[in-house]
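Visitor: Sequence:
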Amino acid sequence: MNGALRSEIAGVLVNQAWPPSTFLGRLRTASREELLGQGTPITYPTHRALLQQGDESRHVLLITSGVVKVVASAESGYDMLLAVRIAGDLVGEMAAFEERPRSGTVIACSDVTARIIQMRTLEAFLGRHPDAMRAILHMLCARLRWANRRRVDFQAYDSLTRLARVLAELCQAYAQPALGSDGKRCDLGVTLTQKELASLAGLKLNTAEKNLAVLTAHGLVERHYRNITICDVPKLLEFAKVFADNPY
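This note's numbering numbers the first residue of the sequence shown as 4 and each following residue consecutively.
It is worth saying that the hints were derived from the structure and are not from the lab. The beta carbon of each residue, even a glycine, is placed where N, CA and C say it ideally should be. Any given hint could be a false lead.
To be verified - Simulated restraints on C-beta separations:
#1 Pro-237 to Val-217: 11 to 21 Å
#2 Cys-144 to Gly-80: 31 to 41 Å
#3 Lys-187 to Val-217: 14 to 24 Å
#4 Thr-219 to Leu-143: 32 to 42 Å
#5 Ser-60 to Ala-159: 32 to 42 Å
#6 Arg-131 to Lys-244: 38 to 48 Å
#7 Leu-208 to Gln-121: 37 to 47 Å
Whole structure, please, built from the sequences with the hints as guidance.
Guide: Rendered as structure tokens:
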């Protein structure tokens, strides 16, 4: 690839609207431009594993398009969905920073493009850009906050409220407003099965299915194949007892 074409592609990536909840969305323009020039570009088809649980590699992936999910597998064979990540997010940083085996498998939910960045390259970049170091800390704190909320929810709320809270927080982080709805109605923005939603909320599949039916009957959501539409975002937030702030 020649330099002019590389600059043109980088310019498109730098100038696109990265979600403010993502790592790229928190960077200054100059820092973002430099980071998008680091590492090696790579593409993954839908359902391909980008990172594998137990692997000891020491690189991170900067997602530049598409959606991925992070899944952890227990020795019993149970798989749990831990998180969803979108374009602009960084994945694989925990194992890379800790120099320990990866704690989960990252799987492409759609066609994905990313940049493979070695840990030494990322550390040098963070040393040159204090705003990027702050963004990393903000990102890690937000992910810890999400995990802590799920632990509290398990003890503090019934199963219906727990599912509603997961949907509400996913909506705040990833949802795309429907045209002409003034933000009141939106698509969840990520493709998840009911089993995956159940694991995020710490529920059995049949319990999650029943609770989704209740939320549908309340007019809060509409269910489609692997997709959920939030019919009334303010009412869902109220029902779920979630303040209107982005958990990420």
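Visitor: Would you mind marking each hint as holding or not holding in the structure?
Guide: Hint by hint, here is what the structure shows:
1. Pro-237 to Val-217: 11 to 21 Å: Given range 11 to 21 Å: holds, Cβ gap about 19 Å.
2. Cys-144 to Gly-80: 31 to 41 Å: holds (33 Å)
3. Lys-187 to Val-217: 14 to 24 Å: Cβ of Lys-187 to Cβ of Val-217: about 21 Å, so the range 14 to 24 Å holds.
4. Thr-219 to Leu-143: 32 to 42 Å: Holds, at about 35 Å.
5. Ser-60 to Ala-159: 32 to 42 Å: holds (38 Å)
6. Arg-131 to Lys-244: 38 to 48 Å: Holds, at about 42 Å.
7. Leu-208 to Gln-121: 37 to 47 Å: Distance hint for Leu-208, Gln-121 holds at roughly 39 Å.
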